[in-house]
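> Respectively, the protein sequence lines represent chains A and B. Per this note's numbering, the very first residue in the first sequence carries number 1; after that it's consecutive. Per this note's numbering, the very first residue in the second sequence carries number 1001; after that it's consecutive.
Treat the hints with care, as some may be off.
Stated by the list, open to error - If you want a taste of the chain A side facing chain B, the calculated C-beta under 10 Å gives, among others:
#1 F179
#2 G181
#3 T206
#4 E290
#5 L294
#6 K295
#7 T296
#8 L297
#9 A349
#10 T350
#11 L353
Hints listed in this document are in silico derivations from the structure and should not be mistaken for laboratory results. Glycine is no exception: its CB is placed at the ideal position from the N, C-alpha and C atoms.
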Amino acid sequence: MKFFPLLWATLWRKKIRTIFTLMSIMIAFLLFGMLQGVNAAFHSGVDNANVNRLIVSSRISLTEALPLSQMQQMDALPGVAHVTYAVWFDARYQEQKNFLFAVPTDIDRYLATIPEVKVAPDQVEALKRTRSGILIGTVAAKKYGWKIGDRVPLHSNIWTRKADGQSDWAFDVVGFYDFTGDPSQTDGAIFNYSYFDEARAFRNGTIGWWIVSVKDPNQSAAVAQAIDKLFENSSDETKSQSEKEFAQGFMKQFGDINFIVTAILGAVFFTLLFLTGNTMMQSVRERVPEMAVLKTLGFSDGQVLTLVFAESLLLCLLAAALGLLLAQMIFPLIAGKIGAASLPLQVLATGGLIAVVLAVLTGLPPALSASRLNIVDALRS
Amino acid sequence: MNAIVTLSGVTKRYTRGKQTVEVLHGIDLEIAQGDFVALMGPSGSGKTTLLNLIGGLDQPSTGSVAVAGERIDTLSGSKLAKWRARHIGFVFQFYNLMPMLTAQRNVELPLLLTSLSAAQRKKNAEAALAVVGLADRSKHKPNELSGGQAQRVAIARALVADPTLLVCDEPTGDLDRNTADEILHLLQTLNREHGKTIVMVTHDPKAAEFASHQMHLDKGLLVGTTVAA
Ligand SMILES: Nc1ncnc2c1ncn2[C@@H]1O[C@H](COP(=O)(O)OP(=O)(O)OP(=O)(O)O)[C@@H](O)[C@H]1O
Ligand SMILES: [Mg+2]
């Protein structure tokens, strides 16, 4: 540590150059943090998907409605544990950018099918008592500061009301819900289907998609087949998928995000490697006489190697830390749109690892050449 | 005579491609403890080469070099580096200070290789700067110092670890007459009052007069020793 002032002073020997290099590395890591964060958020749906649950939607398209009457038939199927449903409400609060995953459903069925959703029992009762009641997810509640008793106006991009032909709905907050293991699922709300269905102007008696839990996860493919068979040749044919398949299919709409992210970051870091490596090499070349003096004073080859390497390690880690910190600060601002709250720890850890690799690749060659420097020749030049 | 430096039968050959040149041809010399030796000779006669051998920066092709009773021609690279840190203070023609470090940090550099505490290092560095008369410039960077001042800082750096031997290669080669004389007076004081043994390479006969002995090198051979009047 006593070498730190020497190291630090050496690093800032050419301020402009160091700042420029620092900025390039920092921006690369900012980009890394943001893109990997987005990537991870997109994949969290797949990662958190439950294997013993099926999503049953219309065979024609995801947006096609299905009749509520299908429910009894599914309830009766062997292998089916619970059935619940939801409708795509497309809720916005005050502004279009404030999207909320708000769904009308049957709360008892919903909680039975998706046990990760946690609601206090008295709040479940309150929702059942209050026709216009709504349960708010903890992330959404925190974001908008809603409390029990608040009247929350939500605009639907799809559903108009029978009464006034308007798309502005209002709900009374009666409680909150959590989602075990994935807080990003709580940027939304749950309200009564019965209230919604009565008040909406069209497609009454239909739902958007079914959520079915199976008794035995090993049988989920068979159950999916049985459901689709049940409605084959009816006017409402279905397509049943596991939650995971559904999430993957949903993501494919956006292209292969993983590939795009990896390709962009690969190009960025490849360029960075040459830029930083060249800068390091140049800065050591300029300092040949100084290195020779250090050796003259009795610094060993190993100590000179360590000093030069530590310099690039310091630069890379400092820049990467700044970049990732910045990413962590900015990410939540855009994350709300894609249903993630903060940068996953794994992204930060991977970033740190990449910084070390970058430091080794760019710092080791000049460090080796500095340590091999011959004093007498260097002093002569 | 109590010799602190003893060279016997020292030759030095450089190989450049297929060609081998012998630069020093069998040097025998002794330098006494507390001496101030000026090493003179025409350009290319091998002064720097000889000084580098005495200071342990380079090793002879044949012959032996002993300093303070220790054979240094047989030491390995890392042992030699440690040995230099303990025994030799170097002063160069162009000062060779670290441009981004203050005078005090420059002087402190050799102490980083010792086990002294930070406070002790600072104290010793300031003491060394005081010896060369630059106590008030400790926070200045090299580019804020005159040539003479920079050379004083370099001398303080050479002194700070209390080396056995001070080795100077044309320390006044880049300075005007008056500044050169000041530096030479400083070296003389260090020799006379602090008992430092000094070996100094110089072209300048006037500079050599400050030393107590003069050695003359010509084409790689010692051609004579003069004792100061
Ligand atoms: N590393 C080397 N490789 C090849 N030849 C060398 C090397 N170092 C020195 N020489 C040669 O050895 C001879 C003596 O060089 P040296 O630097 O010791 O002379 P010098 O007396 O110090 O000269 P100056 O007064 O110009 O500094 C020169 O001819 C030089 O070219
Ligand atoms: Mg020379």
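> Evaluate each hint against the coordinates.
Going through the hints against the structure:
For F179 of chain A, the suggested interface contact is broken, since its CB lies about 54 Å from the closest CB of chain B, more than 10 Å. Because the smallest distance between the Cβ of G181 of chain A and any Cβ of chain B comes to about 50 Å, over 10 Å, the interface hint for this residue is violated. A hinted interface residue such as T206 of chain A counts as satisfied when its beta carbon comes closer than 10 Å to some beta carbon of chain B; here the least separation is about 74 Å, so the hint is violated. Proximity of E290 of chain A to chain B holds as hinted, the smallest CB-CB distance being about 6 Å (cut-off 10 Å).
Taking 10 Å as the C-beta contact cut-off toward chain B, the hint placing L294 of chain A at the interface holds, the least distance being around 7 Å. The criterion of a C-beta within 10 Å of any C-beta in chain B is met by K295 of chain A, whose closest approach is roughly 7 Å, and the hint holds. For T296 of chain A, the interface hint holds, the least distance from its beta-carbon to any beta-carbon of chain B being 5 Å, beneath 10 Å. The restraint placing L297 of chain A at the interface with chain B holds, with a minimum CB-CB distance near 5 Å, inside the 10 Å limit.
Checking A349 of chain A against chain B by beta carbon gives a least distance of about 34 Å; that is not within 10 Å, so the hint is violated. The interface hint given for T350 of chain A is violated, since its Cβ lies 34 Å from the closest Cβ of chain B, which is over the 10 Å cut-off. Annotation: L353 of chain A was flagged as interfacial toward chain B, and the flag is violated, the nearest CB pair being 31 Å apart, outside 10 Å.
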